[in-house]
Amino acid sequence: MTELLLEEPVQGEEAMSDRQESALIELMVCTIRQAAEAHPPVGRGTGKRVLTAKERKTQIDDRNKLTEHFIITLPMLLSKYSADAEKVANLLQIPQYFDLEIYSTGRMEKHLDALLKQIKFVVEKHVESDVLEACSKTYSILCSEEYTIQNRVDIARSQLIDEFVDRFNHSVEDLLQEGEEADDDDIYNVLSTLKRLTSFHNAHDLTKWDLFGNCYRLLKTGIEHGAMPEQVGNY
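Straight run, no breaks: the sequence shown in my numbering ends on number 1123.
Worth flagging that the hints you see were computed from the coordinates, not collected in a lab.
This structure is a prediction, so every number in the text was calculated from the model and none was measured.
A few of these clues could be false.
Estimated spans, in silico, between C-beta atoms of each pair [claimed, not checked]:
no., residue 1, residue 2, range
1, Gln947, Ser1028, 20 to 28 Å
2, His1058, Ala941, 54 to 62 Å
3, Ser1032, Lys968, 25 to 33 Å
4, Ser992, Lys1013, 28 to 36 Å
5, Glu956, Glu1034, 29 to 37 Å
6, Ile1043, Ala941, 33 to 41 Å
7, Arg944, Glu974, 29 to 37 Å
8, Thr946, Gln908, 25 to 33 Å
9, Asp1054, Met889, 34 to 42 Å
10, Gly994, Thr1109, 46 to 54 Å
11, Asn1090, Glu895, 33 to 41 Å
C-beta atoms are modelled at their ideal positions from N, C-alpha and C, and glycine is treated no differently.
Given only the sequences and the hints, what does the whole structure look like? Please build it.
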């Protein structure tokens, strides 16, 4: 499936349609989940049951194989489909099924760096809630303290949040200085950055970034002057 999604059609060969690509990605994610969690396909089986030793070994082997495969191919898939919010949100479901220790035991940290680079690019490119929540959740999974990659991921996550907090602070200053003369660009800069920070706030502790001050200034200005756009107030 990954070959179909990654390969470019040769001359004279018909490319997959957008709908076909989306359907194949959904099918692939469902297949990964079934393999990693030993779930039967939808409509089969009667719920959870205790796995036999043989089934458990098969499940572990399958999970290891899919982890080794998608550790390499997921960054490439995210790169190719980065502009499509639906496809990216689905692809970002995959890391939750990884055995994350393989990044270290398999000496595959360079592929972790590639994944983190692509996730950062996605966060910077999109403002859709589903995509941002998927990125935030993926960072949270990769930052699990039980894995040796935690420090590496935490640094990347902190650097990303640093950038958005800095951007938010500057955009708030610009918006408040413009006052009633603020244009759509001023409002969008605040709103888009606030959306990103909100998605991270839902899964990460942002206390050390002290966002309260500028959020309070926005709210106070809006109450006193009625000048704050409703979209900003919603966040």
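Structure-based check of all given hints:
Distance hint for glutamine 947 and serine 1028: a CB-CB separation of about 24 Å, consistent with the stated range 20 to 28 Å. Judged by the Cβ atoms, the range 54 to 62 Å given for histidine 1058 and alanine 941 holds: they are separated by roughly 58 Å. With their beta carbons about 27 Å apart, serine 1032 and lysine 968 fall inside the hinted range of 25 to 33 Å. Checking the proposed 28 to 36 Å range against serine 992 and lysine 1013 shows it holds: the Cβ atoms sit about 29 Å from each other.
Between glutamate 956 and glutamate 1034 the beta carbon distance is about 19 Å. The supplied range of 29 to 37 Å is therefore violated. The supplied range of 33 to 41 Å is met by isoleucine 1043 and alanine 941, whose beta-carbon atoms lie about 40 Å from each other. The hinted range of 29 to 37 Å is satisfied by arginine 944 and glutamate 974, whose Cβ atoms lie roughly 34 Å apart. Taking 25 to 33 Å as the suggested C-beta distance range, the pair threonine 946 and glutamine 908 conforms, at roughly 30 Å.
Checked against the given bound of 34 to 42 Å, the beta carbons of aspartate 1054 and methionine 889, roughly 40 Å apart, stay inside it. Between glycine 994 and threonine 1109 the beta carbons are some 52 Å apart, a value that agrees with the proposed interval 46 to 54 Å. Evaluation of the 33 to 41 Å hint for asparagine 1090 and glutamate 895 yields a pass: the beta carbon distance comes to about 36 Å.
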